[in-house]
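Participant: One-letter residues, chain by chain:
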Amino acid sequence: MTSGALSLSNIIDIKGLGFDAGAHVLIKEALRSLAVGQVLDVMGINTGGEVSLAAWCRAQGHSMQWDTNQQRALITKGGVFVGRWQGAERTGHSDSSTLHAIQDQAQPSWGLAARGATVEAGAPQWSFRLNQKAKVWANNAAQLYAQAVAAQWSPDEVIDWSQPCELPAAVEAAVVQVMTYMVENENAALIVPAKFLGQLHPHFREIQALLAIQVADEARHIEVFTRRIRLKGYEPALSTVGGQASLKTLVDEPDFSLAAFLLSVLGEGTFVNLLNFLQECAPDPITRQIARLAAIDESRHVAFGMAHLTHHLSVEPALRGRLALAVESRFDHLSGTSGLNEEVFDALILLAAGDITPKAIQQGYQRVQGLMQAMAEGRKARLLRLGFTPSEASRLSSLHTRNFM
Amino acid sequence: MTKTLMMGAVAYAPKVVTIWEGFKEWFYQHGLAFDYVLYSNYERQVEAQFAGEIDVAWNSPLAWERARRIAKAKGLTVEAIAMRDTDQDLSSVLVVRNNAGFTDLQQLKGKTIGFGAIDSPQATLIPKDHLRQVGMVAGRDYHARLFDVLAGKHGDHIGGERDAAMALVNGEIDATWMIDGNYQAFANEGTLPSGETTLLARTGLFDHCNFTTSPQADAVLIQQFTELLLSMRWDDPAVRPLLELEGLREWKVGRTSGYELLARAVDDEQFYDQRGAIIEQHYRY
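Chains Y and A are the protein sequences, given in the same order. Quick note: the first sequence uses the working numbering, first residue 727, plus one each step. Quick note: the second sequence uses the working numbering, first residue 385, plus one each step.
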């Protein structure tokens, strides 16, 4: 090819920029628009620059001719770097609202690539077990995540830890026992999404983000419950075999949808009732404030569980039978345990009583009875929304663990 | 029983195992029984070629030159059957600081010039030869400071050239040699500050590594090995990672026309004698 055959777009003047100063970037960009075999005329090469240009071309698979008289290089574009992208895969679309943005099956080779990126063929095979849309997706995941981000709160800013909080010793001890129980339950609620987070294919970015912020929510709850325990210098109180056995069945559940059902729909849903109860009945303003804030977060977790199961059931109606079976088998598994920690149940009564008089205790007991009814009704309502018949919903709600979570 | 082609390679970095394990599997899938032996230095590897231990060696240019000399002295034949596209037409450059004001090689008389490992073709032997051709001899006309990293590896380890480049930037030496591609590589990584250095000289073109056959190698196996190498395609995602690790886009048919500068340097700098014996007294490997 003679220089006369070059079009204007095939000429670049790098104006003396050195190859120790990024000149290769200008040339690479100029070559990008050329076809393999086309020639780029490079002018303005500084003294000695042709040596580095030749080395760069060699490494990139382009050939170069150097015209000493005119101090210009003719680069013929090679094909090797084009070859790199043969067989490359597109990985959906970054915007989840776009048609086919979320693929039904995320491929092992897509790995950590941003959804929508083009992935070179031959990439490592990643073992993300949760790689099917039906089994993890929720249609409102992006909105729920946005809500979660907007609703984050700082324990130091939104809770006035200096408020007066003088309770009878027995009532303070009851609050400490309930908070001890809450920390234990929130540990389970943190570990379950954290465990799935590492198994989830990053293709499902919105779900990944939701699980991550759910973990952060639980860490914050554990912090504020612990601070409430220590407010008057107490250490955490009692932890029972029955309570931990119940929570272990949640942590051990390997199926994402079953875990979402047991933890979020039934467990955290029941927990929202408990937090609402504390918001209303706790004897001190700090505990009431903590409960109000945690309830907002937990409601979001329940909403995600419901949305996911609604999606999964829409593509796999048979899942409903497995959900029922999961509740039954958990009930069977826990039949040998005592269920709710007796100390916790009694502490709830004391806490709602606010004092250690017969009249106060009677009132506290009635409130806890009301809580138990509200929990059962809430579970039943959510089961109905997931398409269970009224009788099934009542039966399954009654089989739910006595440990609440 | 299928005969296995044995290849020698020098373990200059941990990635060598990854590379040849990958090749071994690929050759196996394409019907060639292939295995490799790692040597700690090129001298032992070349000697192994004449002791009948290996059929072919992945040789540095200096190892090729030694094998060629030994073979010639013994009346045997060794051949360079294949090389990387990136092994052909290389050059080395002499880098100076801009603020030193050097514009001509003769201005380096009495100064200190940095080189790589004692056995590095690109950073020591060919550069010394280049200076000798313009009348400058180490010890007589200038002081040579070697940045001797991993002798026996024939300069495969980039460390010596990098150490020399840092010494140049720090003002410990007045000029230093490196292979042409390393000038931009050292700038990219920040070792050479942008715009503060310039190239004062460039050697002639030379070739780098090649697959060197051993005298007793089975010709049929060698032919199969060569054909398979040349059939490797960058477009193939199963092959591309191996080629990238080894630093090439495609294998080329071997040639020996690119070793003349090194052959002259080996004589003039008295590294090997005509029979391939090591005569450089300071060489430890």
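If you're looking for bench data, these hints aren't it; they were derived computationally from the structure. There's no promise every hint is true.
[Stated by the list, open to error] In silico SDA-like pairs for lysine to any residue, Cα to Cα no more than 20 Å straight-line: (1) Y:K861 to Y:G1113; (2) A:K636 to Y:R931; (3) A:K399 to Y:G848; (4) A:K636 to Y:G809; (5) A:K399 to Y:P850; (6) Y:K861 to Y:P850.
[As the list claims (entries may be wrong)] Restraint-style ranges between C-beta atoms, simulated for each label pair: (7) Y:A876 to A:N572: 55 to 61 Å; (8) Y:I737 to A:T386: 40 to 46 Å; (9) Y:W792 to A:V637: 21 to 27 Å; (10) Y:D830 to A:V604: 46 to 52 Å.
Glycine included, every Cβ here is placed at the ideal spot set by N, Cα and C.
Participant: A separate judgement is required for each hint: does it hold in the structure or not?
Facilitator: Hint check results:
1. Y:K861 to Y:G1113: 18 Å, holds
2. A:K636 to Y:R931: 45 Å, violated
3. A:K399 to Y:G848: Holds: A:K399 and Y:G848 sit about 19 Å apart, inside 20 Å.
4. A:K636 to Y:G809: Measuring from Cα to Cα gives roughly 18 Å; hence the hint holds.
5. A:K399 to Y:P850: Measuring from Cα to Cα gives roughly 17 Å; hence the hint holds.
6. Y:K861 to Y:P850: Distance ~23 Å between Y:K861 and Y:P850 Cα, so the pair is violated.
7. Y:A876 to A:N572: 55 to 61 Å: 42 Å, violated
8. Y:I737 to A:T386: 40 to 46 Å: 56 Å, violated
9. Y:W792 to A:V637: 21 to 27 Å: Because 25 Å falls inside the window, the suggested range holds.
10. Y:D830 to A:V604: 46 to 52 Å: Holds: the Cβ-Cβ distance is about 51 Å, inside 46 to 52 Å.
In this structure, the hints that do not hold are numbers 2, 6, 7, 8, in rising order.
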